[in-house]
Structure formats: C-alpha cells, structure tokens
Amino acid sequence: MTKASPEITVVVTGVANLASVLAGWKRLGLATRVTEDPEDVERADFVELPGVGAFGAAMDRLRATGLDQALVRRVQSDRPTLAICVGLQVLCDASEESPGVAGLGLVPGTVQRFPDHVRIPQFGWNQVQNPAGGPIVDGYAYFANSYRLPLAPAGFAAATSDHGGAFVAAIWRGNMLACQFHPELSGAWGLGLLDRWVRGRTGKGGSP
Amino acid sequence: MITARILPCLDVKDGRVVKGIKFQGLRDAGDPAERAAAYEAQGADELVILDVSATTEGRKTAAETVRRVRDVLSIPLTVGGGVRSVEDAGRLLDAGADKVAVNTAAVRDPSLISAIAQRFGRQCAILALDAAARPEGGWEVVVSSGRERTGLDAIAWAREAVSRGAGEIVLTSWDRDGTRQGYDLPLLTAASAAVPVPIVASGGADSAQHLLEGLRAGADAVLAASIFHYGETTVGDVKAFLAANGIEVRR
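Those sequence lines, one after another, are chains A and B.
For the first sequence, counting from 1, position 187 maps to 186 in numbering that gives the first Met the number 0; every step adds exactly one.
For the second sequence, counting from 1, position 235 maps to 234 in numbering that gives the first Met the number 0; every step adds exactly one.
Treat the hints loosely; a few may be bogus.
Stated by the list, open to error - One-sided excerpt, in silico: chain B residues whose CB lies under 8 Å from chain A:
{"id": "1", "residue": "V17"}
{"id": "2", "residue": "D27"}
{"id": "3", "residue": "G29"}
{"id": "4", "residue": "E39"}
{"id": "5", "residue": "D70"}
{"id": "6", "residue": "I74"}
{"id": "7", "residue": "F119"}
{"id": "8", "residue": "Q122"}
{"id": "9", "residue": "E139"}
{"id": "10", "residue": "G166"}
{"id": "11", "residue": "R249"}
Claimed, not checked - Over the 12 Å line for every Cβ pair with chain A, so calculated as not near, a few chain B residues:
{"id": "12", "residue": "G14"}
{"id": "13", "residue": "V68"}
{"id": "14", "residue": "R146"}
In short, the hints are calculated from the structure, not lab data.
Backbone N, C-alpha and C define an ideal beta-carbon position, used for all residues, glycine too.
Let the sequences and hints guide you as you build the complete structure.
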C-alpha cells in the first residue's frame, strides 16, 4: 500500500519569512498549508512553527490567538513539531530580549544575548556540530539571530555552534525538533535535515 | 565560528539580468532564476537581487522575479532597489525575499528603517549605504544612484540606521564602483569599527585578491557582480583562494 505524502502545517505567526519557509517544503516535493487555528495546530500531523523578529512580539501574538496552549498540548503529547529560530526561543522559559515576558516553558532555560565582542546579529553560515546522533549531521547552517540558548537544557539532546562561545544550534526530544538556524535557507544540508525529520516521524504522535 | 560570506549580486531590470552575458553553462544567461541556481551550485552563501527597473511597470515585475528565484533557491535572498515603504518591503517578503534593503528612501525618511525592523524584525531590515570620499577626509552619503550628495556623514548615518533597527549594512564605495580597483578599504574599516552589525563590502572588486582585502579590512561579507557574471571565475574558485589565505569559508 502506498502511503500518502505527508502534509506540513505551517503556523502563521505574523512574524516569519513565511513565503521562504513554504518554498523550502515545495522544493522537497511536500504539500503545505498554513493555519492560525489553535485546534488545527494542536491536531495536525506535522506542524512547523517558524519565526523571526522579537521574542515578546511572537509571544504576544501566540497568546492573543490561543496558539500558545495549542502548542504546549501538542508538544506535551509528542506530536511531530518543528520550531525555527524565534520558534525555538519561545519554547523556553524567557528571553533577555523581552524581560518579564514568559515563554511557553516547554524547554527549561532563558534565552540570552550574544556577548558584545562578536557581531550582532549573527548573520551567516556557522558550523553545526552534533556528537549526539539523531537528525542533525555535522555541517554548515545559516543563522540570523542576536539571542541564543547558551546551554543545552536538561532532558534534551543538542547540537552546538560557536559565536563568542558555544551555543545551542538545535535541540530535540521525541518528535520535537527546534533549530536556531534556518534549515529552509541552509542549502542542500538544510533540505536534507527537513527531509530526514519528516521521513523519520509517523505524524501521529507517540514513538515513530 | 561564523564564516565569511560571498554574495553574488544580480542587477535585474524588467525581469531580466542586465549585467554580464557570458555566463557559462546556462541556456539563458539573462534569466534570474537560472543564474541564481547556478550561483547556489557554485557555493554562493547568499544572493542579492538589485532591481534597477526605472519604471513603475518594471517594478511590478520585481516581485514576480523574486517568486521565480525563490522557487529554486535554498540560500538567503536579499532584495533591494526602489523600496520606499513598509508595504513595498512586505510585497517582496511575501514573494520570498528574506531581507529587504533600503537606500535613498531611508535617507529621506529614516523612520522607514524603524518601521521595517518593527514589522518584520531587524534581520529583515538591511541598509544599503552608498558613500563617497570627502576631499577633507571621511565619507558622505550619496543617493539617487550617486546623482545627489547629501552632506550626511556616512559613518554617522550607519550608526543612526543601526540604532533604528538595521541588522546589516551593504556598504558601497561610490568612488570605487565600476573602477575594478578594489574596495575602499579605509571605509570598510571605519564602518566595521563603528557598528556592531555585519558589514557587506561592495563596489570596485575585480579579483579574489580584492575580496580577500575587503574581508581583512573588516568586512563580514563581500558582494560582487561582474567578477562572477562574465564567467572568469566561480564562487568556488574564490572560496578556495580565501581558504588558502586563512579566511574561514563554507565549502
């Protein structure tokens, strides 16, 4: 029996390079749809939370639409979820970028600004190293960020990069993968990661 | 460690690449999408499209060009030329650009930078700064494709733009552009020291040696058009040369 090609549901956050994100999936030959309906986001087989811009603005928008709770329930039930850039950051407890704004609290830790002696924003290709196995292979990824998670949180596997010291390039656990870099802009390496992540999941939650 | 970036730039007019005709291996060297894919295959780190259309009708084709390029391109895409409002920026981002560069309109109204940064994030807000040397020293901002000197100090303008949310500066030496004599290195060094954001060197490069000098002078990335367009050298060749000279590049 042939299995239907998976469809990727992309969350409309209002602050993301949405066209670029959708074009990445299209180049892989996968269908996409966009939504900002919380019920949809909670239940869809594959959900991507893209994001650029500020932590506070992203959280405000998620709360206003009820997507915050939908995402929490989705990740807690281990449905396949991919978070990109600020999408990774809002999974955490908080960020120095927007003091006093609570994140989704799914990943322990506070997002911090890069140290002053390096270029900020970090713009460009940086080497990602992953000694842990899992979906990420060593290679160059494209980053565009001023803030990052400095340490791998307890309970998550992590790949790291270095910009004024080591920082978290990606973390994953079960069916959740969160990338500080932009796989859709990271050439063949990035598309390979997206492809492996989708093919390695069942889309139904629980163990793949 | 973050690597030095090589950014080929396509000048596009009415949907066609207008500089460079002898690009090897393409059926149609004037097609932006074909050219973009070829540069990505060579190892380009990002692509820049500068819309040089002179008419409103020509500008409308820019979004369509961006869409066609985005369909085939898996690296970041910056688009500039004629961006006058947040709505202009939004149209290009909706078409698939990742960053939008503002130039003359931002000099006339600096709040344009703040507005784009607030709406789309500072990683989308790129300042294209054209500078010309002053006889008494330093540099001033020039606009309208070099036709108008503003009297505005280029380094002070770079600082203001960054304080308003510009996430990167594409810095073009108007004195060197088209001369094939290499970048204005003191300008790159001064701008690089003045602001925390990345500096992209532009204007005057004619060889891999020029790109190396620009990076050593303080640029984080180098933009070049003609040295790649005529098929004399490839991005891969340039990266091999830079790596042999101790510059870390993605290969």
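Exercise. So, B/F119 near chain A? Judge it on the closest CB pair being under 8 Å.
Key: Status holds, d = 7 Å.
Self-check item: Per-residue hint verdict: B/D27, partner chain A, C-beta under 8 Å
Solution: Check failed: Cβ of B/D27 comes no nearer than 21 Å to chain A, outside 8 Å.
Practice problem: Quick one: work out the minimum CB distance from B/R146 to chain A and report holds if it exceeds 12 Å, violated otherwise. | Solution: 30 Å, holds
Exercise. So, B/E139 near chain A? Judge it on the closest CB pair being under 8 Å.
Key: 25 Å, violated
Practice problem: Over 12 Å to the closest beta carbon of chain A is the bar; see if B/V68 clears it. | Solution: 10 Å, violated
Self-check item: Cut-off 8 Å, beta-carbon criterion: hint that B/G166 touches chain A
Solution: Since the shortest Cβ distance to chain A is 5 Å, the answer is holds.
Practice problem: Go through the hint on B/I74 and say holds or violated, using the shortest Cβ distance to chain A against 8 Å. | Solution: 6 Å, holds
Self-check item: Satisfaction of the B/V17 interface hint, Cβ to chain A closer than 8 Å
Solution: 25 Å, violated
Quiz item: Does the nearest C-beta of chain A fall within a distance shorter than 8 Å of the C-beta of B/G29?
Solution: 22 Å, violated
Quiz item: With d taken as the least Cβ-Cβ distance between B/G14 and chain A, does d exceed 12 Å?
Solution: 18 Å, holds
Exercise. Hold the hint about B/Q122 up to the distance rule: shortest CB distance to chain A must be less than 8 Å.
Key: The hint holds - B/Q122 has a Cβ within 8 Å of chain A, the shortest such distance being about 4 Å.
Quiz prompt | Restraint check, 8 Å cut-off on beta carbons, for B/D70 near chain A | solution = 6 Å, holds
Hints 1, 2, 3, 9 and 13, counting from the list given before, are not met by this structure.
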